[in-house]
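Using the supplied hints, reconstruct the complex from the two chains, each of which is provided in its own coordinate frame.
Chains as they are written, first to last, in numbering that gives the first Met the number 0: chain A, 0 to 282; chain B, 0 to 295.
FYI, nobody ran anything at the bench for these hints, they're computed from the structure.
Owing to the predicted nature of the structure, the values given are computational and were not obtained by experimental measurement.
It cannot be assumed that every hint is accurate.
[Claimed, not checked] To be clear about the criterion: a stretch of chain A counts as covered by chain B if any three or more of its residues have a C-beta under 8 Å from a C-beta of chain B, and this derived list gives those stretches:
| hint | stretch |
| --- | --- |
| 1 | 81–94 |
| 2 | 156–169 |
[As the list claims (entries may be wrong)] Listing some non-contacts, in silico: residues in chain A with all C-beta distances to chain B over 12 Å:
| hint | residue |
| --- | --- |
| 3 | 45 |
| 4 | 58 |
| 5 | 73 |
| 6 | 141 |
| 7 | 143 |
| 8 | 148 |
[Said to hold, decoys possible] Just the calculated beta-carbon pair ranges, DEER-fashion:
| hint | chain 1 | residue 1 | chain 2 | residue 2 | range |
| --- | --- | --- | --- | --- | --- |
| 9 | B | 54 | A | 271 | 52 to 58 Å |
| 10 | A | 245 | B | 141 | 25 to 31 Å |
| 11 | B | 144 | A | 58 | 38 to 44 Å |
| 12 | A | 10 | B | 144 | 26 to 32 Å |
| 13 | A | 245 | B | 144 | 18 to 24 Å |
| 14 | B | 23 | A | 262 | 29 to 35 Å |
Just so you know, even glycine gets a beta-carbon here, dropped at the ideal spot from N, CA and C.
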Amino acid sequence: MQARMAGAALYAAPVFLFLFFLIPSLLTIVWSFFSRTMFWMEPDFTLFAYVNFFTSARFENFLWSIAHSSISVAICFVLGFPIAVFVRRYVPQVAQHRVILLFILPFMVSEVIRTFMLRPVLGRNGLINTVLQDVGLTSEPITSLLFSPTGVIIGEVLSFLPFIVFAGFLAMEAVPKYIFEVCQDLGASRWRTFVDVILPLAAPGIFAGSVFILVNGLGVALIPSILGGPGAVNAGLIATQAIIALDFPLAMAISAIMIFTLLGLLWIGHRLFDLTRTLEPLS
Amino acid sequence: MQDDYTSPWVIRFGWIYLLAIVAALMVPVFYNFYISFNEYGFGAANYKATFDWYITVFEDRLLVNAFVWTLGLAVMTVLIVIPMGLSAAKLFKQLTNKVWLVALMLLPLFVPADIFASALLVFFKNLNGMFTWLSEMTGLGFLSTWFELGVTTAVIGLVVYTLPYVFIVILITMGRYHPEQTEAARSCGATAWQAFWQVEFPQIRAGIFSACAFVVILTFNEYTRTSMLKGGFDTFTTVLVSQMLNTGMSEQSYAMGGIVSAVAIVIIGSIIIITLVQQEQMARRERAVAEPGSGQ
Chain A
0 MQARMAGAAL YAAPVFLFLF FLIPSLLTIV WSFFSRTMFW MEPDFTLFAY
50 VNFFTSARFE NFLWSIAHSS ISVAICFVLG FPIAVFVRRY VPQVAQHRVI
100 LLFILPFMVS EVIRTFMLRP VLGRNGLINT VLQDVGLTSE PITSLLFSPT
150 GVIIGEVLSF LPFIVFAGFL AMEAVPKYIF EVCQDLGASR WRTFVDVILP
200 LAAPGIFAGS VFILVNGLGV ALIPSILGGP GAVNAGLIAT QAIIALDFPL
250 AMAISAIMIF TLLGLLWIGH RLFDLTRTLE PLS
Chain B
0 MQDDYTSPWV IRFGWIYLLA IVAALMVPVF YNFYISFNEY GFGAANYKAT
50 FDWYITVFED RLLVNAFVWT LGLAVMTVLI VIPMGLSAAK LFKQLTNKVW
100 LVALMLLPLF VPADIFASAL LVFFKNLNGM FTWLSEMTGL GFLSTWFELG
150 VTTAVIGLVV YTLPYVFIVI LITMGRYHPE QTEAARSCGA TAWQAFWQVE
200 FPQIRAGIFS ACAFVVILTF NEYTRTSMLK GGFDTFTTVL VSQMLNTGMS
250 EQSYAMGGIV SAVAIVIIGS IIIITLVQQE QMARRERAVA EPGSGQ
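Bound-form chain B, shown alone (with noise of 0.2 Å):
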């Protein structure tokens, strides 16, 4: 994109100055692997490369509960927030005022978390206290543990915390969908389930699948809304933020930051080299097509 004004320099500053403002967000990250294979820890005069430390987080059966425990919370929110924030992407393309939809969808990506989990935490002891008074008074015993602090109501945290990336991303996979696609699908006969499964899902597929992927990681990575949400359970990022609170950074902590952010490395990495890897094929696709007999 260089025109006849723009020195050379100005680009390659440009691209320099880029990657390190990048390497700077990630040096907490980097630093952190880095202790977390030290044998002596952090501050030790000498380095010896290990992963015991690593080791020792699998072999405690409190951290593994808790893992179990995240692993479930993220599978769970996962379930119901995609089906959730695809009907709603479909709502937004529907819509002609767009105004209240994107402002309810995207309203809770602004109120801090300890904000909202302060008023999400009040409003089902409230609602704990209002469902148990009703059980009393009808005698449906399973109505009064509706609304206790536990999964249901981690799980409906974890849910309005990650419906609007879930939005936005789905929203972004849909923008590139003609749903002309759809009309002639119903036109030929198939029914509005096949029209969707068959000829929609497959062209938005990338985008779903890294909407799942998001809502893992967020899930992994949530602290506040969960700690007060959650009643008896423990999650991994839970443990993790009360060791190094109570107990301070031990090597065991740097290990299991380690395994959360390797998580999220692992999965966007992934995602990031899919994706340009599905584009460059659809560009050589695309080329074939334009310029039969080139090659490509």
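This is chain A alone, in the form it adopts within the complex (with noise of 0.2 Å):
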């Protein structure tokens, strides 16, 4: 009996996250078909809700938004993941797991502070401009650092970078230390063996990665409303703005809209790469 309840508690974590997670998330659905009313929403099927959103300037706004969340990932890509190559192949074995430890500061710092400081850097009287001018390399501040979509992927990069690093690195642990070597030995260059080697044995982790920076750029309501200035919207702030306005039924469509996106990316990078690889090294 005892040995069956201890059985039992182990699954405290799944059944919580069913409760409170899948269910709330997977509900979003119906009650996006729910009709709206002065302050709260009735059960009905209507696709009211997503109508509003697709024939509006909201459903071309949250394009935009998929757009600059696509340059996002594929700067930290292009910013991040050769770290991950870089420690995975230079940096002895004891000393990796401690230098991808460094990601962890500016990652666990709130991501609310960052994004509120990068206002006085990125502004007019800001950092980067003062230090331009200060340096002679400009003459005047450049004023579309800030409250423009170079702002929002600004905000993007410095808040989910890490993110790339650590999955990039889980995935290259994944990859043996003398495959660099044989790719040496075999007199393939730096970039045929990170194109037809590393890419390949890498690709579960970069994608979970991507996903990861692409749905959080589209969800993340904090950074357009900081850093975009007027009109820069994604799908996190329709979502918010959406319950401010009691427009429920509206809010759960663009939260069903993400969920299921999310749920389908995910699904195709498992069909294509097997994410369950990226996890090897934890099992």
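In structure tokens form, the structure reads like this:
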């Protein structure tokens, strides 16, 4: 009896997540078909929330936010993945995890602080413009760094770059070190080694990291609302604005679209790359 | 790890690049500290170092209350999420088909804060309606407040948010533990609890304390879920964001940002230093066993 209870206790976390994560996430579909009342919503089957989303300027803004997030994914990959390769390739085995720990530090400082503090860093009288003008590289402040798509992309890259380093490093742990030496012995150039050997082997981690950045770029409202200026929105901001306007079915329709986009991407990734491979080093 | 083919400059450049990226990621944080210590605030022509803005934060009763609330939430979340993360990691070790567990445990990491907070808010509003109806039907008045927005709902939101991190940290630590030791302890007559507490726990203690630290930091950092699910009280970050959005960045806001950043940096820095010291001590002990008389 005691052993059975102890065995059941092991399922506490999955049961909790089933109740308070999976069920609310799946119910967003049901609620998205409800009709709006003055302060709440009532059971119905109407596509009004979806029509409202897809036929308004919100959808166009959503598409723009997909474009911005895709650019952020590409920049994060270009800047962050070489770090994962470098650590795996050139840092001694015992020190690799310590080096990766360095990226925990910026990641663990509040995203709210990091995002808000980009205002005084990127602004007209901010740190970047002051330094550029002081060293004589520009004569006037660059105003497009803040309250613009550039500001949103900079914010997303600074917020999410550590994830591509973590996911990339986990993926690179699945790449045996001798692979680099074999490639060199066979005369492969760095580029061919990277494209033909490293990328396919590390694909699950790269994909997981990229999906994380893309979906969070679309869903974290703080970045466009602080750095994007007027008109800059993403799915997260549209959903929170809908909640503030008490349009709960619209908020749920956007949440459902986001959650199922995420699940779809992860399913495709799993079919293509077997995403459980990224967790092999953990087990 | 240098080989015959690699120029030392490749490695030097790699290190410079890596450290430059870490520094770039930390620029907003350090700039926050720099401004928060200036008596004249952001954009002033002069700089005079002062702690005054930090003192004003701790003299403000509203902010101290918010700080206490945040700490309370962090403690409650730790007490719930750590046993859950530990049991999930043990379940992971036992299962042969791990895919469903990994998917369920890690999915909350991928769902953006605003999207999930909106879904959970509507879920709790529905649940609250159901429980209010249930309390009217059964006459059990206490049921009506179970899922009202407040501490319970905020803690549930924080548990869902922090559970994946705790799971990963504990799983990594447990990866170094050999389950044969538990079997040996049980064979010697230890109860399941004794085998865990006296044999396994001492070996995974570092991971559990790190997980506790992560939960405290994440609770202090968290804004979206807490602000949507908290009900009537304020946390440190919700006060900070509301100040920043409504009145703009004041000197006090920079000092509050400095406090939140300092909490994270001190905790994470301590974990990194303790980990490095422990690894070094372990390596020394192993060297002493492998090479007796080597003076180690």
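Hints, verified against the model:
1. 81–94: holds (count 9)
2. 156–169: Per the Cβ count (3), the hint holds.
3. 45: The claim holds: residue 45 of chain A sits with its nearest Cβ about 16 Å from chain B, beyond 12 Å.
4. 58: Given a closest Cβ separation of 16 Å, the condition holds.
5. 73: 16 Å, holds
6. 141: The claim holds: residue 141 of chain A sits with its nearest Cβ about 16 Å from chain B, beyond 12 Å.
7. 143: Residue 143 of chain A is indeed farther than 12 Å from all Cβ atoms of chain B, at 19 Å.
8. 148: 19 Å, holds
9. B:54 <-> A:271: 52 to 58 Å: 56 Å, holds
10. A:245 <-> B:141: 25 to 31 Å: This hint holds: roughly 29 Å between Cβ atoms.
11. B:144 <-> A:58: 38 to 44 Å: 40 Å, holds
12. A:10 <-> B:144: 26 to 32 Å: 28 Å, holds
13. A:245 <-> B:144: 18 to 24 Å: Holds, since residue 245 of chain A and residue 144 of chain B (Cβ atoms, about 23 Å apart) stay within the stated range.
14. B:23 <-> A:262: 29 to 35 Å: Roughly 33 Å apart at Cβ, these two residues keep to the hinted range, so it holds.
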